[in-house]
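Peer 1: With these hints in hand, go ahead and build the complete structure from the sequences.
2 protein chains.
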Amino acid sequence: MANPSQYATEHHDQFLQELISFLKIPSVSTQPERKNDVRKAAEWLRERCIQVGMSRVELFETEGHPIVYAEWLGAGADKPTVLVYGHYDVQPAQKDDGWDTDDPFVPEIRDGNIIARGATDDKGQLFLHLKAFEAFMKTTGAFPVNIKILLEGEEEDSSRNLPAFLKQHRELLDADLALISDTAMFNANIPAIPYGLRGLLICELIVEGPKNDLHSGMYGGAVANPIHVLSRILASMHDDYGRVTVEGFYDDVRELSSDERAQLARIPYGEEELRKETGVSASWGDTQYTIVERMGARPTIDMTSFKGGLLGDGIKNIIPQKAWGHLTCRLVPYQNPHKIFELLQKHIERHSPPSVKVTLKKYSADEAVLIDPRVAPMQKAVDAFKAVYREEPLFTLVGGSIPIVKWLVDDFNIPVVLMGFGLPDDNLHGPNEKFSIEQFRLGIQTLIKYYESLAE
Amino acid sequence: MANPSQYATEHHDQFLQELISFLKIPSVSTQPERKNDVRKAAEWLRERCIQVGMSRVELFETEGHPIVYAEWLGAGADKPTVLVYGHYDVQPAQKDDGWDTDDPFVPEIRDGNIIARGATDDKGQLFLHLKAFEAFMKTTGAFPVNIKILLEGEEEDSSRNLPAFLKQHRELLDADLALISDTAMFNANIPAIPYGLRGLLICELIVEGPKNDLHSGMYGGAVANPIHVLSRILASMHDDYGRVTVEGFYDDVRELSSDERAQLARIPYGEEELRKETGVSASWGDTQYTIVERMGARPTIDMTSFKGGLLGDGIKNIIPQKAWGHLTCRLVPYQNPHKIFELLQKHIERHSPPSVKVTLKKYSADEAVLIDPRVAPMQKAVDAFKAVYREEPLFTLVGGSIPIVKWLVDDFNIPVVLMGFGLPDDNLHGPNEKFSIEQFRLGIQTLIKYYESLAE
Chain H
1 MANPSQYATE HHDQFLQELI SFLKIPSVST QPERKNDVRK AAEWLRERCI QVGMSRVELF
61 ETEGHPIVYA EWLGAGADKP TVLVYGHYDV QPAQKDDGWD TDDPFVPEIR DGNIIARGAT
121 DDKGQLFLHL KAFEAFMKTT GAFPVNIKIL LEGEEEDSSR NLPAFLKQHR ELLDADLALI
181 SDTAMFNANI PAIPYGLRGL LICELIVEGP KNDLHSGMYG GAVANPIHVL SRILASMHDD
241 YGRVTVEGFY DDVRELSSDE RAQLARIPYG EEELRKETGV SASWGDTQYT IVERMGARPT
301 IDMTSFKGGL LGDGIKNIIP QKAWGHLTCR LVPYQNPHKI FELLQKHIER HSPPSVKVTL
361 KKYSADEAVL IDPRVAPMQK AVDAFKAVYR EEPLFTLVGG SIPIVKWLVD DFNIPVVLMG
421 FGLPDDNLHG PNEKFSIEQF RLGIQTLIKY YESLAE
Chain B
1 MANPSQYATE HHDQFLQELI SFLKIPSVST QPERKNDVRK AAEWLRERCI QVGMSRVELF
61 ETEGHPIVYA EWLGAGADKP TVLVYGHYDV QPAQKDDGWD TDDPFVPEIR DGNIIARGAT
121 DDKGQLFLHL KAFEAFMKTT GAFPVNIKIL LEGEEEDSSR NLPAFLKQHR ELLDADLALI
181 SDTAMFNANI PAIPYGLRGL LICELIVEGP KNDLHSGMYG GAVANPIHVL SRILASMHDD
241 YGRVTVEGFY DDVRELSSDE RAQLARIPYG EEELRKETGV SASWGDTQYT IVERMGARPT
301 IDMTSFKGGL LGDGIKNIIP QKAWGHLTCR LVPYQNPHKI FELLQKHIER HSPPSVKVTL
361 KKYSADEAVL IDPRVAPMQK AVDAFKAVYR EEPLFTLVGG SIPIVKWLVD DFNIPVVLMG
421 FGLPDDNLHG PNEKFSIEQF RLGIQTLIKY YESLAE
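So the sequences go chain by chain: H and B.
Okay, so the first sequence: first residue is 1 according to this note's numbering, each after it adds one.
Okay, so the second sequence: first residue is 1 according to this note's numbering, each after it adds one.
Treat the hints with care, since some could be wrong.
Which copy? The list can't say, so a pair holds if one copy fits it or any two copies do.
Okay, derived cross-link-like pairs now, EDC-like style, lysine to aspartate or glutamate, Cα gap no bigger than 16 angstroms in a straight line [as the list claims (entries may be wrong)]: (1) K211 with E277; (2) K40 with E18; (3) K40 with D251; (4) K362 with E342; (5) K346 with E18; (6) K35 with D313; (7) K276 with D97; (8) K35 with E255; (9) K24 with D410; (10) K361 with E342; (11) K24 with E43; (12) K35 with E47.
The hints are simulated quantities; they were obtained by calculation from the structure and are not laboratory data.
Predicted model only: the values in this text are computed from it and were never measured.
Peer 2: Given below as C-alpha cells:
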C-alpha cells in the first residue's frame, strides 16, 4: 500500500476537482443575499469531513453563519492534539472588478493556477488539511496526531461570532497547538512563517449635510458639500510623507529593536518587488521605515471605500445629502483598537465644520498579535518546509489579520503555527484571485511531513 | 365662448391628468438603459403638439436623444415670433434616494403638490406653454403671436447635441425673442426673473493606483490609496473659509458693482431661509459675500460624486485600484470654462504624488450668461407676473445653468426671457421633486397674459 505522500500524488487531479466544486459556492459572508450560499459551503465541508473519515462532524449554528467542527482523536492520549483553523467564507467578487475569467465563482485553470475567489483565501488552503488527513487514513488507517478542525464562515466579516463560540466550547477545542494555513510564502521557493499579525479596526465614517440632495447650481457655494468635508477629514489624517497625523496614534506602537530590524532587512523584498507585484510606479508611506517594516510592523489608516453622489453611471449635478465609507486601521502590538477609535473620534471632531453632522461608528476591533518563534511546533514547521522546499523559511510579520490567532494566543495560551502556501501575487481580496496548483500539491506534502513530525 | 383664461380654469383637472401621464415616462437622458423612455417622452410630446393645434410638428433625430419641434405661425408677419424652449429629459431618480412616494416615476398628489421626477424640471413647466396655446386655440381659434417650440431631451446631459442643431436650423428657429420656463420664483408670492445664469464645467477626475484592488492589510502603508489621493486633491481646492484655492480661478470673475450688490441685498433670503430650505445647521462658503451672491454671482467647485472601493453593501478590506468622480465648476460671466479646465489640470498635477496616475477629463463646458433686464420683453414679463401675482418680480441671478440661454443670447442675439414658476423647495435634482398645483394653474394664467401682451 502507498504511503500518504504517494497517495496524495496519485489523487492530485481528483483533489483539484473537489476544490473546484468547493470554489463554485459563492460564500461571501458580508453580503446578506449570499446567506444561503454561505450555508451551502458549510454543508459541503461537513460532507467532506465525513467522507475523509473524521469521527465526529458537526455544524454549529451561530447568530451569523454556521461553524463546521470535525475531529478525529484516535491517535491516543500520548499524542498531541492539533486544532486546525480555516475559514470557508470569502471576500465579495464580481466580474466587473477586473476579473479576466468569466465569473469569480466559476474556477478556471490557467498557467498552472486555479483562478477563483477564495482559491487561496482560504478555501484552497483549508482544503489541504482535509486532503492530508485523507491521505493518512486511506493508507495507514490512522492519523499521526489527534486533530480538531474548526472552520468558520465569518472571517471576512471580522469573525463576529467566533469569540462567543470559543468561550462556550473551550473544552471541546482544547489542544496542544493550533495550526492555520491562511498566509503566504515569501515566494514560490522560499516559505515564510509569520510570527506577527497586524490588528484591524474597522469603522464607518459618515458625513451628513443637507436634508436631501441639492441642485449643485442652486446651492453650490452656500452649502457644505459632504464629499468635500469627508475628503478634508481624510486628508487631515496623513502628512505629506505618509505619516499618520492623528494625535496620539503612534503613542503605544512597539518600536522595532535593532536586532529585529536587521532580521527583517534580510527579507529580499523592496521597492522593485512591490512595484512588480502591485503595478504602482512607486511605493508610498513613511520612508523612515523599510517597505517590509511598513507592511508588517507599522500601523496604518486606510479608507477602503468612499461613496458620495450618484454611484451608478451618468452624471447628477448635486450636492449630495451625505458621503460615507469605511475607515480602517491596521494596528501593531500594544496599540489598543478601542483607544485608537477614540483618538480617531477626537481628530475627526476637530476637523469637522459645524455645518455638517459627522459620525464615526465602530464596526469591529481586533488587536495585533506576536508569536514566539522559538517553541518546538514552530521549529518543526521550519523542518517540514525545509524537507519539501529545500529552503530555510523566513520568519515574517504579516500586515493582514486573522482574528482567531490573537484569541488562541491570549485565551487558549497555545502556540499558533501559521503555515501558509499562498504566493504574494495570489491577489486575495482582489480580482483574479488564484492558488498555484504546484503550491496546492506541495502544501499537502508539507502538511503530511508536519503532522508526522508532530507525532514524534 | 369662454376666453383663454376661463378655458384654462375649466380644464385644470384635465391638464393635470395629462401632466401625470407625461411624468410617468422615466426620460433620464444620462442613463443609457433609459434611451427608449427618452424617445417615448419625445413621441408623447409630438402627439400633444398635434392635438393642441400646432401647424407643423416634427421629431428631429440627433446623435443622442431626439428634438421635438412644433410651430404655429398664423399670427401674421406683423406679430412677433416667440421661440419657446423646454427640455423633456430629467435627472436620474430612484426610490432609495430618499423619495417618500412609491416611485419617482409614479406621480402622487399630496398637500397641493404633484410629486414626481421632472414635475418642475422641466416637464411641468414646458407643459404650461402647450396648455396656454391650447387655451387660445380652443377659445379664439388663434394664438396672439407666432410661436416656435423647441423641446430637447439632453438638457440634463449638458445639451450635448443642441449646438449643432441650432447651427443647422438657424432659419427655422428664427424668432424675436426666446421664452423659457425652467426656473423658480422667489417664493409662492414673489415672482423672479433671472437676468443671469452661472456656467457649468463638468469634468471627471480619476486617480489610479495599483493594477488591481489590493489586500489593505498586506499593502497598507506601502502603497498610496487612490481614495486618499483623490481626497487630498479635493481638500487642496478650498481653504478653511470656503474660498477656492486653485491658482487663477478668480482672475476673470466679474466683481459685482455696489449698485448690483445693493439690489441683490434687497432679496429677502439669508442664513435662515437657507437653513429652512436645505436642513443644514449653518451655511458654508466665502463669507465675504452674502448667501444670495454666493449662490448666483460667485463661482464654485463641487465634486458631485466620489466613488472608491466597494460601492455596494458590505465591507471589502482593500486598497482600491482607483477612485473617481465628477468634478464640476459653476462659473460666472467672463470666466472661460476651457481656461478654468486648464487651471484645474495644473492644480491637480501640482497636488498629485508620483505614485498614482491622475486624469482630468473634460465632459462639458458652458459659459455663464447675463441678460439685459431693460428690454421690452423683460418688462412685459414683469407686467404679466404683476397682473397675476399682484407683486413686483425680483430680478435675480441664478446659480444653475441652462446651456441654450448662452447660445441664444450670443449667437441668435435675441432677448431671452426666463419666466419660471417653480418654487425654491421644489427639490429639482433631489428626492420628492414637486410642482405646486397652484403654480401650475397660475403659470398658465401668467403665460396667457404674457402672450397677449407680446402681441400688443
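Peer 1: For each hint given before, does the structure comply? Return the numbers of the non-compliant ones in rising order.
Peer 2: 3, 5, 7, 8, 9 and 12
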